[in-house]
Each structure stands twice: as C-alpha cells, then as structure tokens.
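*Asks:* Whole structure, please, built from the sequences with the hints as guidance.
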Amino acid sequence: MSMNPFCEIALEEAIRIKESGLATEVVAVSVGPAQCVDTIRTGLAMGADRGIHVEWKGEGLGLGPLNVAKVLRALVELEEPRLLILGKQAIDDDCNQTGQMVAGLLNWPQGTFASKVVLDKEKQTATVDREVDGGLETLCLDLPAVITTDLRLNLPRYATLPNIMKAKSKPINKVTFEDLKVKVKSDIEVAQVTEPPKRKAGLILSSVDELIDKLKNEARVI
Amino acid sequence: MAINVTLFRALRPQRFAFTASSQRSTIASSRFISTLILTEHDGGFVKSSSVSAIVAAKSLGEDNSISMLLAGSGPSLDEAAADAAKCHPSVSQVLVADSDKFKYHLAEPWAKLVELVQQKGGYSHIIAASSSFGKNILPRAAALLDASPITDVVEILGSHQFVRPIYAGNALSTVRYSGDQPCMLTIRSTSFLVSAESRLGTAAISQVDLSTIDEEIVGKSRYVGCSSQGTERPDLGNARIVVTGGRGLKSAENFKMIEKLAEKLEAAVGATRAAVDAGFVPNELQVGQTGKIVAPELYMAFGVSGAIQHLAGIRDSKVIVAVNKDADAPIFQVADYGLVGDLFDVVPELIEKLPEKK
Numbered sequence: 317m318s319m320n321p322f323c324e325i326a327l328e329e330a331i332r333i334k335e336s337g338l339a340t341e342v343v344a345v346s347v348g349p350a351q352c353v354d355t356i357r358t359g360l361a362m363g364a365d366r367g368i369h370v371e372w373k374g375e376g377l378g379l380g381p382l383n384v385a386k387v388l389r390a391l392v393e394l395e396e397p398r399l400l401i402l403g404k405q406a407i408d409d410d411c412n413q414t415g416q417m418v419a420g421l422l423n424w425p426q427g428t429f430a431s432k433v434v435l436d437k438e439k440q441t442a443t444v445d446r447e448v449d450g451g452l453e454t455l456c457l458d459l460p461a462v463i464t465t466d467l468r469l470n471l472p473r474y475a476t477l478p479n480i481m482k483a484k485s486k487p488i489n490k491v492t493f494e495d496l497k498v499k500v501k502s503d504i505e506v507a508q509v510t511e512p513p514k515r516k517a518g519l520i521l522s523s524v525d526e527l528i529d530k531l532k533n534e535a536r537v538i
Numbered sequence: 568m569a570i571n572v573t574l575f576r577a578l579r580p581q582r583f584a585f586t587a588s589s590q591r592s593t594i595a596s597s598r599f600i601s602t603l604i605l606t607e608h609d610g611g612f613v614k615s616s617s618v619s620a621i622v623a624a625k626s627l628g629e630d631n632s633i634s635m636l637l638a639g640s641g642p643s644l645d646e647a648a649a650d651a652a653k654c655h656p657s658v659s660q661v662l663v664a665d666s667d668k669f670k671y672h673l674a675e676p677w678a679k680l681v682e683l684v685q686q687k688g689g690y691s692h693i694i695a696a697s698s699s700f701g702k703n704i705l706p707r708a709a710a711l712l713d714a715s716p717i718t719d720v721v722e723i724l725g726s727h728q729f730v731r732p733i734y735a736g737n738a739l740s741t742v743r744y745s746g747d748q749p750c751m752l753t754i755r756s757t758s759f760l761v762s763a764e765s766r767l768g769t770a771a772i773s774q775v776d777l778s779t780i781d782e783e784i785v786g787k788s789r790y791v792g793c794s795s796q797g798t799e800r801p802d803l804g805n806a807r808i809v810v811t812g813g814r815g816l817k818s819a820e821n822f823k824m825i826e827k828l829a830e831k832l833e834a835a836v837g838a839t840r841a842a843v844d845a846g847f848v849p850n851e852l853q854v855g856q857t858g859k860i861v862a863p864e865l866y867m868a869f870g871v872s873g874a875i876q877h878l879a880g881i882r883d884s885k886v887i888v889a890v891n892k893d894a895d896a897p898i899f900q901v902a903d904y905g906l907v908g909d910l911f912d913v914v915p916e917l918i919e920k921l922p923e924k925k
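Residue numbers (the numbering used here), protein chains in the order written: chain A, 317 to 538; chain B, 568 to 925.
These aren't lab readings, by the way, just hints derived from the structure by calculation.
Hints may be right or wrong, so weigh each one.
30 Å max Cα-Cα, derived BS3-like pairs, lysine-lysine [unchecked claim]:
#1 A:Lys432 / B:Lys892
#2 A:Lys514 / B:Lys892
#3 A:Lys532 / B:Lys823
#4 B:Lys827 / B:Lys817
*Replies:* Written out as structure tokens, the structure is:
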C-alpha cells in the first residue's frame, strides 16, 4: 500500500513546520486495515515523531469521510493539536470531503486546497493561499485550524535509509473505534462499479489543412 | 505551538471487478422531494454552475419543490436574488441571507447558514455545484447535519441513487444514499447542461432570519485577498472551445501563441498541471483530476502528453484534437483527430489558416 500523494504533501508540510521551530511534534494518523501501519512507518521515516493507527477491518471502498472525520475529532480531543493537516483528496475515491467535515465537527476554521501556508506563532494564526476556481485566495485562520493540501504546496522528501532505520523504533499506537467511542454510520452503499464509455480511436492526420477541413466539415465544430 | 497532527490514508488496492451493464434501479420515491440549492452569484448574476444544479435537482423526481439559497451583502446580492427568481421555471423560492458575514463566501458561516435553513425548511436534498465554493462548503455543512455527502455526481439515477467518478474517472461508482438526514450532493456542472430557454422563472424571494445563527465561528477565518489573472477569454468551465497548452510549450512567453489561437477561435485557454507547476500559467487554467473539469465541443491540446489525471478533466469533450511531436503520446489514444508534429509549426499555421470570426 502506498501513501496517498496529497497526504505525503500534508506530512511534508507538517515536518517542515516542525523543522522551522514552529511545532514541537508531528503525529501521523491513519485509519484503515493492518497495512496502514506500513504507510505510517513511511511517514515516521520522513520525519513524523509518532504514529496512531485506528484500525478498521471493513471491506469495500472504505469507511467514508464522515466516519473518518468523527475518528479524527475524537483523536483531536485527546491529543489537542493546534493544527490538523490532511491531503485535499484521496486519489482512489476522489472525495475531497474529510478535511472540511472534521473542521465542521470541531468548529475550527478551514483552509482547503492550500498552495502556501505561513504560520505566525505570536498571533497563533495560519495564513493560507488557496487554489480556487478564480485563481488564488488568501485567508487568515485563527489556530487551531484544519488545512487540506493541494499539489503545489511542496515537494515531499524521500525517506533516507538512516531515517528508515530510525523509524523502526518510533512508536505507533493502535486504537480502536470502541476506544474512541465512535459509532460507524453507514448511510452510503456502493451498488456497483463500472467502466466509463470508451472513446473510439481517432484519426491521425497529415497536415494542418486536413485538420481544419475535418473540424469544419466533418466534426462541424468550427 | 504544541502538536501537529497529520492525517494520511493508505491507498486501497483495487479490489472491485468491472461489470459491463449499467443497472438502472428505479427507486420510486413516495416521499415528497424538496431541494435546497446552494447558489453562487457574481456581479449581480447567478452563476451558470448553480443553474446546472437546478437541472440536476429536476432529475431527482417529478414532484420536487426547488429553493435557491443566496448569501452575501449589498446591492449585488439583491440583483442576484432577482436573477435567481427568474433563472429557471422549476424554482419556486429564493432565500436570501443578507449579512457582511457572507461577503466572501467563507465556509464557516456558510455551513452554519445551511444548518439553520435546513432546520427550518427540512429539505430532502441539498445540492451545490462541484465548484471550489461547493467543494469547500457542502461537506462541512454535511458534517453539521451528520450526513455523508456524495460529491462530484455525474448522473442521477433516482432520488437516492447517483453515479460519481473514482480513480480519476477511470471507473464510475453507483452509490445509494440510505440515511435519514438530507441527501447532500455536489454535481458536475458539465454533466447537467442548461438549456437556453430556461430563463422563464417567477419565484418568490424572501429573507432568511439570521438572528439565531451561531456567531462563534465568525471571525476565526478572515478573507485577506485574492489574485486572479484578468482575461478576456471566456470562462474555462463553460466555453464552447478550449485550447490547452502543456509542458511542450516550454515557456510562459510561448503560451502567448496559445492565447492568440484561443482568441482566433473565441476559445478559453487551459493548461496541464505540468505547465502550471513550471510557472507558464496561473493555477486557475489547470484542467484535470484536481483542476477544472471541462466538456467543450472542441478541445485542442498542444504539447500535452495525455497523463491520466489530465484526461480525467476532458473525457466528456465532444471532439478532442491533439498535436504532439511524440507519436506514442497517450493523448493520441483519446484524440478524435491527431497531428504528429511540432506545435511551434502547427500553431502559427493554424492561426494563419483558420477562418476569421465574424
């Protein structure tokens, strides 16, 4: 199992924040089956200090953002972090919901689709540039806050071999839904998964003249 | 500062099997459907993506009372409300939340507003377009209402059955909502087209009573500013023709050639992630899985290799044209017309030979 690319970016950002002296600890959390532990280890090798694995043994396309958000809220209440950073979406289900949902449950401000994050320790704020439909929007959030990462926030580091070795002794705590007193809500079922209609193979043309002719007279789009 | 917590998830292995048929289950809804549309507006007009949300609402079922919720402040809000009242014959009510809190469409006050309006109105469905507004706000509102939202819907099969893309559009997932809470959706506006004659509505306009709204979150998030490259080109999301440049353009300067071609075709300009990352163009031109989804009549891609994540954004285009030096570029597998050649020769030739617009 590999780490979701947006989550790698989130982890990288957290580690950079710690390296700049603005945070004392980075905790990496993953919710899912046993294989999650390998991914958490990678996170520890990148530079997180400890990990938390919330076990979920269920089948199918996973737990769903609402349940993950409830788990995160419960963990936040125990751990009391000042910043929660997540990837904006998972590249399997492409939901783009979890960060927004946990921010709603916690009643924390949210800075989604972040392409730049600047923390101010004195003011206890995070100034976030967000990639939105019209360009870039800048918000200033009071901590504690939730940030979801977009592609251009940073380039995640590779874990070096010495750090991979060191990571083996960093702790990963296992926690259950019962421990967190979170009840799983199942309000969405996947009825089926299908392939989208395939585009038919097209023509390779030999000149610009031919292209213009086809677009005008065959496709009739110009 | 104490602790940072990062959440990440391990990618699930592909465990599903593809099935060829698409079963349409007709869920006869004996329940009365009432829909609340979270409406975006700009400069006194309702955005077309929100009108697409109305079209989507219509396909939920025959008996559907559709209300539009607008928020903001000042005269442009009133103009937008008037526009909303006539934007579609199926809309029966326009609700207006007038307060400075909503001036910049922040998620925190908006989610509280949705919660308030839902508590009063008891809608069976809440819909927003899958724009950065809808994506930012709807899931937060869903969490407050304890509902799992279904985002980026491309097809509505019944009042509680929807199709959405997964794996960057390489698969389609049909899901059923079985909760008691409102069914909350964001919809892809390119999948729900607005017809020209829609503007015949006569809805009633009323003000939302904001006196009981939770003030606590207001002020914890402050709008600082925005930067957007002003352009004369049409909006990427609903342009009839889109001309895109990829990494093959090699520089921001060279993108001017794409702009010129777009001007000739009265087209919008798009870009791949590679071109944005390289700084050739600003982020709002990005087309793809995590950028904009487009479905124009004509999509022309120059110097674009055709990565899966880019194709995710253009799948529903009527005609795709690709120009690339590399005959093996994956883009040629989806292009209706391909030209293997140097875009630095092809684009100028196209600009020269394309008919002048009247």
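*Asks:* Need the list of violated hint numbers for this structure, in ascending order.
*Replies:* 1
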